[in-house]
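Peer 1: Sequence:
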Amino acid sequence: LREASDQPISYTRRAARAVLFNAAGQVAVMHFTATSSYKLPGGGIDEGEDAITALRREIREETGYEITDIHELGELVEYRYYCGMHQISYCYTATVTQFVGTELTQKEQNAGMELQWFDTIPQAIATIESGHQVDEDGSPIGLKMMILRDTAILKTLK
1 LREASDQPIS YTRRAARAVL FNAAGQVAVM HFTATSSYKL PGGGIDEGED AITALRREIR
61 EETGYEITDI HELGELVEYR YYCGMHQISY CYTATVTQFV GTELTQKEQN AGMELQWFDT
121 IPQAIATIES GHQVDEDGSP IGLKMMILRD TAILKTLK
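All letters in the sequence shown, in the order written, are residues 1 to 158 by our numbering.
For the record, the hints were derived by calculation from the structure and aren't laboratory data. Accuracy of the hints is not assured; some may be wrong.
[Said to hold, decoys possible] With a cut-off of at most 25 Å between alpha-carbon atoms, the simulated SDA-like pairs for lysine to any residue come out as follows:
{"id": "1", "residue 1": "Lys107", "residue 2": "Gly48"}
{"id": "2", "residue 1": "Lys158", "residue 2": "Thr120"}
{"id": "3", "residue 1": "Lys155", "residue 2": "Ile52"}
{"id": "4", "residue 1": "Lys158", "residue 2": "Ala15"}
{"id": "5", "residue 1": "Lys107", "residue 2": "Tyr82"}
{"id": "6", "residue 1": "Lys155", "residue 2": "Leu76"}
{"id": "7", "residue 1": "Lys144", "residue 2": "Arg14"}
{"id": "8", "residue 1": "Lys155", "residue 2": "Val134"}
{"id": "9", "residue 1": "Lys107", "residue 2": "Lys158"}
{"id": "10", "residue 1": "Lys144", "residue 2": "Gln87"}
{"id": "11", "residue 1": "Lys144", "residue 2": "Val134"}
{"id": "12", "residue 1": "Lys158", "residue 2": "His71"}
{"id": "13", "residue 1": "Lys144", "residue 2": "Ile121"}
{"id": "14", "residue 1": "Lys158", "residue 2": "Ala34"}
{"id": "15", "residue 1": "Lys144", "residue 2": "Lys155"}
[Stated by the list, open to error] Cβ pair distances, simulated, as ranges:
{"id": "16", "residue 1": "Gln123", "residue 2": "Pro8", "range": "31 to 41 Å"}
{"id": "17", "residue 1": "Gln98", "residue 2": "Lys144", "range": "30 to 40 Å"}
{"id": "18", "residue 1": "Asn22", "residue 2": "Thr156", "range": "11 to 21 Å"}
{"id": "19", "residue 1": "Leu115", "residue 2": "Thr156", "range": "15 to 25 Å"}
{"id": "20", "residue 1": "Ile9", "residue 2": "Leu115", "range": "30 to 40 Å"}
{"id": "21", "residue 1": "Phe99", "residue 2": "Thr53", "range": "12 to 22 Å"}
{"id": "22", "residue 1": "Pro140", "residue 2": "Ile9", "range": "11 to 21 Å"}
Idealized CB from N, CA, C, for every residue including glycine.
Work the whole structure out from these sequences, hints included.
Peer 2: Shown next as structure tokens:
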């Protein structure tokens, strides 16, 4: 997706994200109540952190759950010219275990980030696609990119 205000790619962001399942086989989706947008759980990999460690940390922070049964799905590469970012997402499936409590950042709290469970992958896809207007950073094109990314990840399992 290209816009008139695009800029050269100036940095790379690495992220780990998961298609998360609970014991009932439901699929996790993060809802941003402030923007009515949705995404799969996961986020940035910190300096010196490997993808699995980051995945465990991000899932715990965002959903409040520990995870097990982690399986690699693959990598998804994005060139986000609207913000000059090259993003590599390391994608997994995992199962939640013990709930230990969320550790949302102030930005995530302000965005109204909350966990929602869906009975099927098609329901999760439809919900993510229903996001409208902007992503949690206020970007319309960012939302389009997030929808394309997360539905592509889910469709690998459908």
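Peer 1: Determine for every hint whether it applies to the structure shown.
Peer 2: Hints, verified against the model:
The hinted pair formed by Lys107 and Gly48 meets the criterion: a straight-line CA distance of about 23 Å does not exceed 25 Å. Our distance criterion of 25 Å between C-alpha atoms is met by Lys158 and Thr120, whose separation comes to about 9 Å. Distance check on the hinted pair: Lys155 and Ile52 sit about 22 Å apart at the alpha-carbon level, within 25 Å; holds. A hinted pair counts as satisfied when its Cα atoms are at most 25 Å apart, and Lys158 with Ala15 qualifies at roughly 22 Å.
Between Lys107 and Tyr82, the direct Cα distance comes to roughly 21 Å. Compliance with the 25 Å bound is thereby established for this hinted pair. For the hint linking Lys155 to Leu76, the alpha-carbon distance of about 13 Å falls within 25 Å, and the restraint holds. Straight-line distance between C-alpha atoms of Lys144 and Arg14 comes to about 19 Å, which keeps the hinted pair within the 25 Å bound. Among the hinted pairs, Lys155 with Val134 is consistent with the structure: their alpha-carbon atoms are about 23 Å apart, no more than 25 Å.
Among the hinted pairs, Lys107 with Lys158 is inconsistent with the structure: their alpha-carbon atoms are about 32 Å apart, more than 25 Å. The suggested pairing of Lys144 with Gln87 holds, with an alpha-carbon distance near 15 Å, which does not exceed 25 Å. In summary, the hint linking Lys144 to Val134 is supported, as the alpha carbons are separated by about 8 Å, within the 25 Å threshold. Note on Lys158 and His71: the hinted pairing holds, with a Cα-Cα distance of about 16 Å set against a maximum of 25 Å.
With a C-alpha separation of about 19 Å, the suggested pair Lys144 and Ile121 falls inside the 25 Å cut-off, and the hint holds. Proposed proximity of Lys158 and Ala34 is contradicted: the alpha carbons are some 29 Å apart, above 25 Å. For the given pair, Lys144 sits about 16 Å from Lys155 by alpha-carbon distance, which is consistent with the 25 Å threshold. Against the hinted window of 31 to 41 Å, the Cβ-Cβ separation of Gln123 and Pro8 comes to about 39 Å, which satisfies the hint.
Distance hint check: the CB atoms of Gln98 and Lys144 are about 36 Å apart, consistent with the given range 30 to 40 Å. Taking the beta carbon of each, Asn22 and Thr156 are about 20 Å apart, inside 11 to 21 Å as hinted. Separation of Leu115 from Thr156 is about 22 Å and conforms to the stated range, judged on CB atoms against 15 to 25 Å. For Ile9 and Leu115, the Cβ-Cβ distance of about 32 Å falls inside the hinted range of 30 to 40 Å, so the restraint holds.
Evaluation of the 12 to 22 Å hint for Phe99 and Thr53 yields a pass: the beta carbon distance comes to about 20 Å. For Pro140 and Ile9, the hinted distance range of 11 to 21 Å is satisfied, since their beta carbons lie about 20 Å from each other.
In summary, the numbered hints that this structure violates are 9, 14.
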